[in-house]
Amino acid sequence: MKITRRHLLLLLPAAAVAWESVLAGTPEQSPNYTMTEHWWGMLIDISKCIGCGNCVRACQEENDVPDGFFRTWVERYHVDDWHITEPQVISPDGGKNGFPVAKEDEGKYFFVPKLCNHCADSPCTQVCPVGATFISPDGVVLIDQTYCMGCAYCVQACPYGCRYIHPTKRVADKCTLCYHRITKGLTTACCEACPTGARQLADLKNPADPIHEFLKTHSIHVLKPEMATNPKVFYNDLDGSVR
Amino acid sequence: MPGVEGYMYPNEVSLYWSVLIVLYPYITGLVAGAFILASLERIFHVEAVKPTYRLALLTALAFLLVAPLPLQLHLGHPERSYEMYLTPHRTSAMAMFGFVYLWYLMAVLVVEIWLDFRADIVALSQTTTGWRRLMYRILTLGSTDVSERALHIDERVGWFVTLIGIPSAFLLHGYVGFIFGSIKANPWWSSPLMPVVFIFSAMVSGIAAVMLVYMAMMRLRREPIDMRCVDKIAQYMMYIFVIDFSLEMLDLVHRIYEADESFRSLNFMVHTKLWFSQVILQICIGTIVPISLIALVQIVKFSEKWRKAIYVVSGSLTLIGVLAMRWNVVIGGQLFSKSFLGYTTYKIALVTREGLLVSIGLMILPLVILAVLVKILPPWPEKSAVSLPAPSVGD
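Order-wise, the sequence lines are chains P and H.
Residue numbers 1 to 243, in this note's numbering, belong to the letters of the first sequence in order.
Residue numbers 1 to 395, in this note's numbering, belong to the letters of the second sequence in order.
There may be inaccurate statements among the hints.
[Unchecked claim] Only pairs whose alpha carbons sit at most 25 Å apart, straight line, appear in this in silico DMTMM-like list of lysine to aspartate or glutamate:
id, chain 1, residue 1, chain 2, residue 2
1, H, Lys184, P, Asp144
2, H, Lys273, P, Glu86
3, H, Lys184, P, Asp239
Think of the hints as simulated: they come from the structure by calculation, not from any bench.
The shape of chain H in the complex, shown without the other chains (with noise of 0.2 Å):
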């Protein structure tokens, strides 16, 4: 059989996940990652990082928005994926997949958006026009009172909801590593370090992309790059990043010392289908070397020049050991049989609802999104400063 190397039971021959339940994790995990950098200031009164705070808030919705489209065009039946909230299946990891979105978008994400928007929007539909000032005071949901002491209430109830959307977004992500780590049937999958390793991962790679996309919007905007802020974020980047590292190696080790029956497949899989995205791309041009560029600029006292062009690079590195790290978990843990006997090989195509364009399509989607949000909800703090109108009588 063309692309089967020893013996695959049948009905294994093709994958059922492709390249778009790469993209998922992918995507929740640069939300999971963005809003715990956006934590970082607010709970963890991280100063430094704070010109990315609002970006970074902009920058998980935007891909929390396209989240859950790879899994609706993955499925068969779309249409019926309503089912998973009218009928959710208790013992299933993959039914509280609704549950968890859906409370993480609206309970978290958005809340402490709106709250933290909430005077802009104010003074934005006082001094738009148009439909735009239609659109801000839509957006107020009625509550224009810009008091201090409303203005408190927000910062007190934003803080609280940013408390519980830390563990949201562990939820969030590591209930995606569960999707994986909880199948028995497949050794590449079954580990208890799966979610674990999902989260530190999904940090990683959302501090890495608020990191780059603050460093572009910076440059588009011809402003200074706070280098304070990119240094302290790069640095927290590099402490997780050595963290999911050793976890990942743990798991590795671990499975390489024991040794069970399933070894000698992945071990095969490893050395040959994966070796590229696994060895080359994951661990070496995505792990070690942004690790040591970040830990270089630690040591050495690198032009502000110079530790920027190393913070892009590391970060792009990032978020491409991130992908393929994802891409390692779900295409390599369908490549071999679970006989372990054979390996079958996964082409990815071009045109197709499940091909490489609509995935490159839906990795641009929360770009342009962002891009609408930045343009709604300016993030800036010159923009956040526009100058409010006295309070309204009764304030």
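Chain P extracted, bound-state conformation (with noise of 0.2 Å):
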């Protein structure tokens, strides 16, 4: 085909707006990043999270989650009057297919999306032989899977079951929290597919995080306080129940 001046004045604009588009799916580059400069966490809202499982596809699609295994879940409590400190719990493939529908009987649901809670003291962090497992500047629990020889101290070590021994590669595997989204300035890939919101990426260190009014002005907790792990993720209106 024979491009003439006014076929290519026609083309251009549809290639600029074609190139709009793949510019836009490209992570912006952040050479400016300063790891001192943040702390990275995650706020959870019970109340908003629906169980759709968005989160946890998003993350098995974004890093390559091997079937079977769970950087992010969601877990559907059922708490009756008698067993308030015994739940029931489930969490189908993760939840990752959305919940069975609930029988409309005594007590209540909700569901709990989990993760990685990059404990600022970690135990997995401790107990890694080779150092393979650390901590980032801006407060993200890392695996160099170079240099993890595969113990799986770290996965006896996590008082939350956030980790695995990925089945391919032979190393500790678990969330990043997206490291390689959150240094370009992107959120991560579960709170970007989060359909209510349930999800916030938040970073302590930048004083204009809505986390700071958040925390300040409803009841947050973490899970298992008691192993005094410090975690970094953060949940609105979580039940007693949920372990």
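Fit the two chains together into the complex; they arrive one by one in their own frames, and the hints show the way.
Given below as structure tokens:
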């Protein structure tokens, strides 16, 4: 096809729109990212979670999580009046495909999204024999998978069940808080996919982050505070029965 | 989900520490126990156990050489394990393994064995021929002085090494207990008693192993068993076993009485998934029966034949009981969810890298190594008294 001046004038704006679209999907470069200026965590609002499993699917797709293992998962709690501290919990396939319809009976149902708590005093980091697991200066617990020897001591040490041994890489694996995204100014895949805003990435070192106002005005809990791990995943409206 | 009752966190469904991690504390326990039996004679002058002294050292070495194998086979990337030496993470209990192991192997056990057998090695290097002569000459490390003074120095240094060896043996196995005992996330493991229980059960298993190896070897060599020796060994085994059992029961009673948040979950586990391995195998068959049998020997006068039979039975049951204890710690600690809401199942594979056949092989391997060691360094008195040639000039 012979491209005339008229054709070119028509094609150029179309190409520009296409290029814009390509750029939109590319994480923005952030050469000025300074680790020490951030302290990452996550806010999870239980009252907003609808158990759709979008976060689990987004995480699996973004991070190539193997089947049967989870960097994040969603649990559904059922607590009735007679078993306040003995909830019935399910998480079919990590809640990836949602949940079966709840029976209209006594008690309450609610969803609890789980992920690595990126503990400031993380037991997994403490026990790693070679230091392959470490806490980055911006507060994210990461694994150097080229260094990990796959002993699984960290898996045993995590009180929250957030770690696993990758079946093909044979090294420890877990949530990285989408480190490849957050260091480029993006939010995590799970937060981005959450339709209700139940999950919010939070930067505690950023004074303008809404987390500060939220923490100030809500009743916030962390999981298993008795473990003294100093978790940085903060839950709003967390029921006392949650483990 | 198959094999799961109640709720497990989804990443907890499969176990990450397999039967190989059961064998690892079991084998290091045998090492520590065998060494402590050897030190009874050397440091505490329990003359009765002398016939097993050298055999105990060689048994300890045979098992120690195999101890890292189950760990290596379990690792996802065994080729990276050397990183533990190059860049050890100081806060990790496991990182210390390499150092404690090397210290124990090279600074304690090998040195002690060499010092103890040096005179024999020198003699053998002079009485053998061909490649064996060459091997013994290398083993002398050029130290061929067997004068009275030199042997006296060997004896003194050996004594000192054994003295260091006792806390080292405690360290080797206590540290294994600490690996489990320091995991606060796991209430089945997290206990300051864990290293102590591991040390005492290690002594019991090591003593039982050496006693059985000694009796088996005497039978193979068609030589009489020194009954004074095995009577004494069995007695020591019983005393230590009573301490070990008391500590384990203390832990159990404490858990039952305190009944913290994990109790309901652990209690259910002990009554179901661990009922056979813990209550039947470990506590009843593997502890109460052997203790009672040996206690009976102290009270009732049995004939030599009966005593031998009782020692073989109680020694074997002890080994089974201690293996069951390791199983219950390692596997039991992974069968329940850290949410305390559910249980999973462990199915041992047969021919995989972490399967049953490999485990059996790993338990046979130390015995093969021991057979070779005994061949190279005969621990028997008459062999050690190989007629030495007159001291060479200058001695």
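For each hint, the structure was consulted:
Between the alpha carbons of Lys184(H) and Asp144(P) the distance comes to roughly 24 Å, so the proposed pair stays at or under 25 Å and holds. Our distance criterion of 25 Å between C-alpha atoms is met by Lys273(H) and Glu86(P), whose separation comes to about 21 Å. Pair hint Lys184(H) plus Asp239(P) holds up; C-alpha atoms about 23 Å apart against a cutoff of 25 Å.
Against the hints set out earlier in the document, no violation occurs for any number.
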